[in-house]
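Student: Each chain is listed here by its residues.
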Amino acid sequence: MTTVAGTPGVGHTHHDDRPFIRKYIFSTDHKIIGIQFLFVSLFFLLVGGLLAMQIRWQLGFPNQPMPGGKLLPETMAPDGVILPEYYIQLVTMHGTFMVFFAIMPLLVGVYANFLIPLKLGAHDMAFPRINMASFWAALLAGLVMLSSLFVPEGAARAGWTMYAPLSARPDLSGAGLGQQLWCVAIILLGLSSILGSLNYITTVINMRAPGMTWFRMPLSIWALFITAILGLLALPVLSGAAIMLLFDQTIGTHFFDPAAGGQALLWQHLFWFFGHPEVYILILPAMGMVSDMIANGSRKPIFGYHSMVFAIIGIAFLGWIVWGHHMFVSGMNPTLGSTFMVTTMIIAVPSAIKTFNWLGTMWRGNLRFHVPMMHAVGFVAMFVIGGLSGIFMAATPVDMHIHDTYFIVAHIHYVLFGGSLFALFGAITFWYPKMFGRLMHEGWGKVHFWLTMLFYNLTFFPMHILGMAGHMRRIYDPTMYDFLKPYQPLNHFISISAFLLFAVQAIFALNFIISLFRGAKASMNPWQDNGLEWTLPNPAPHGNWAEVPRVYRGPYEYSHPDTTEDFLPQSQKLPGDPEPAAASAAGH
Amino acid sequence: MTTADARAMQPPFPAERGVDAYNTKLGMWVFLASEVMFFTALIGAYIILRFGAPGEWARPGTVLNVPVTAFNTFLLICSSVSMVKAYASIADGNQKLLKFWFLVTIICGASFVGVQAYEYLHLIHRGFVPSGVRDGSELAELVANGTLPGASLGLYGSTFYTMTGFHGFHVTCGVISMIYLYLTKVLPGKYTQQNYGGVEVIGLYWHFVDLVWIILFTIVYLI
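Residue numbers (this note's numbering), protein chains in the order written: chain F, 990 to 1577; chain S, 749 to 971.
By construction, these hints were calculated from the structure, which means they are not laboratory data. Hints are supplied without guarantee of correctness; some may be wrong.
[As the list claims (entries may be wrong)] Some residues of chain F that are not near chain S, with every Cβ distance over 10 Å (derived):
1) 1160
2) 1387
3) 1442
4) 1450
5) 1457
6) 1470
7) 1555
8) 1563
[As the list claims (entries may be wrong)] Partial list, computed: chain S residues near chain F (C-beta under 8 Å):
9) 774
10) 778
11) 899
[To be verified] Simulated coverage check for chain F against chain S, where a stretch passes if three residues somewhere in it have a Cβ under 8 Å from a Cβ of chain S:
12) 1212 to 1224
13) 1248 to 1257
Remember, predicted model here, so these are calculated numbers, not experimental data. Every residue gets a Cβ at the ideal spot worked out from N, C-alpha and C, and that includes glycine.
If we strip away everything but chain S, and leave its shape as in the complex, we get:
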């Protein structure tokens, strides 16, 4: 970004030199720091509970459908790429490409939420709920015949639904914000090569949410 652009995204009054990021961008970075601490609390609790669990932890793939979620992870990573493309487009002043890539990001993000909702419904149907396994369900039978370790499934359900649920909530908030920006700013062409702070700031949030998912997918689904 050239200095002329940067100045356009600064408030129009003289101030002592800060961090050379305009207010909304700095505010988003600061907000993301608090988000890091929020997810640290959830992930830290998961790590402690898993290592201190009373019995064997359910192995990857026994409860969760890993391939479906791997596809979902791919979708989210694609949305991060398209977000970068949207940002690069408007930095070049290309309104048309901004509209296209921003829409791709929204669609990928919304699809992620859709697939996650499908995953949840499917898991609940199989008997996997936040408190563990539902009596008389498919998973309860697996526990009964010994193919699935049952002692720690309560903790498995607690941590799985809390972590992925709050991540899903963040994605949903991001998608809603992007739809709002798309309708009020992107489509009317309010972002210009001199002023595209909104795209950059929502992009920061979006990449953060994506990064959290990569960590969650690894520690919840893969190991």
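So here's chain F without its partners, still in its complex pose:
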């Protein structure tokens, strides 16, 4: 390597004598906060998975005692048989935990915190204390949500979308406190997201290292930046709606109760006005990190960097004007429905641009199929399936048939599990060495990838068929319906696949935990990546760089003709590279 500007902050580590509790518990260091988010949201991912297993038991083996079900109290599963009242809590809480407390914090809480300052060459976030508050608010929200499973009447029962009036009237749902705790947790989570977002936005705008111009930012940072804008503007709408819902339940307001003049549809509009940007919050960071990993694994510059950036912005903008496609059967004016249909289909364009650019990046690349790359490619494949089924349901006439069926369930799992979660498995493996200084095991990582890919498709692909057959979402016992009886073997098959899918995640969990202590020590740049974070030792010290790094080029200069190695870090100065103008603008 020739000159690398920006020396790691080893000087800081010498006198880093903060007590343990300030260093690892109430830390304001963005890296520690990211790792805290990682552990907490992986825990909630496990909770969500356990809830899903119970759902699958009931659907595959209706009214049979669940193994271990006797551990549950009488009010949930007497003699191990899941009650309908408990089943509806299961689907509600599975969706809530996975969307709000697993995938969203895994993508945004973990990687926005960990990556933004590291990839931009900043010493920390703009507001470290607000950042810490954001984590603790999220943890508190998660614990409140978790506690609602243990209150006497049980957790919320109106589905993760919490449609009114069922959610608004305790006399209808039969769960007063559980519904209220759901609202309180969501309001707290909204606060956490807003605090996080304003931090990410400020940091990206104002704290880029000299030379890190807008179009030299890695696509992961672009995606996280745009995601932060979506979160900043969407979450307060959900908070407002949740506050109105909470007031309906507690102080007798009538926002969503048609019996007293309120409007149940108002809830749907508010929820989905938040909810559709939310689905892009759940996928854009994954797309960004996949772009980084695919360029790295292909040893080629990303294909169409600028079009990737504008596709992210385009998806985010269109995300605001499509929410009505969740409500085609709510009795909306067909003209309005057609409008929403058209805007929704337009989103396929920037999404397709991204897909073709990923393929174009891999095309004739010098492919390295390391574990993150495999997950990234898996992401692209699964996202295409999820994206295409999305176009089916965007068409109003088709949606009339498949609305609220397992087709929708299949779609969301193809984009959230096949998409976001595959990207996350890749991202966790990719940045693990920078977080913990060790590598996760490559062989077990590949075993985990292939088994997950297999059982994931066996679980979710047949759901398309169930949905086309009219299998309703959230039903307790499919054998109660004559027209679904021929499909019960398929349900049986899906459930067994789902149990196996859950079981093979143990490989990932064990790989993650054992590698913390026994994993091979990682070098400074184990993936030979160009990002600024790889110029720091493992794990990166508090304060990151003692001296702010200089950036000379974009993040995807792989196989550059002027270098002997096939990568060229952003901070490596080649002869003839001009010094960034901002470097001397302010004194140190």
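Dock chain S against the given chain F, drawing on the hints supplied.
Tutor: Showing chain S alone in chain F's frame:
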């Protein structure tokens, strides 16, 4: 603001050019964008519910005491003026005037909260509650003898208390923050002509809260 002042409110390390606003100021603008969306949700719900209400909406002045709240609105606008004066004073480096105008802002803001609390107590006493009208109250009698349209009063109470309540909550947060800044920064003289970011940032928040009130006063009390 001259460039020398602006630099004083920037972090002491080189960075690529951002938006030429120091971090806390930019952060506050970003935060206010999310606040706009929060109030949009509440106000949007109000507009939709009012236009879709099952019966006639109660006319201005029949339930709410408009003159008292008009006075309160005047107080809040005055506090915005005094906030600008406080900002201008410290931009000129005048500590004494900063202390005076900052205190005036706090007093006006606290008075606003006080008057609103009085208004709430009075309304509840008359029988106006978030769920509509209380049985056997003064307003319930007006509904019974037909002088007050009763069908939409439930929505009226829901939207009135939620919107004005959350605005009041924001004012209260602002007053508490200002008292904190007054005691820890303004009185000890920690703001200088080179570094007065705190005054500017709390000022942004304060003007936003004021602006929201002007909208709320118009759509809730006047039309």
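Student: If you test the structure against every hint from before, which numbers come out violated?
Tutor: Going through the list in order, the structure violates no hint and respects every one.
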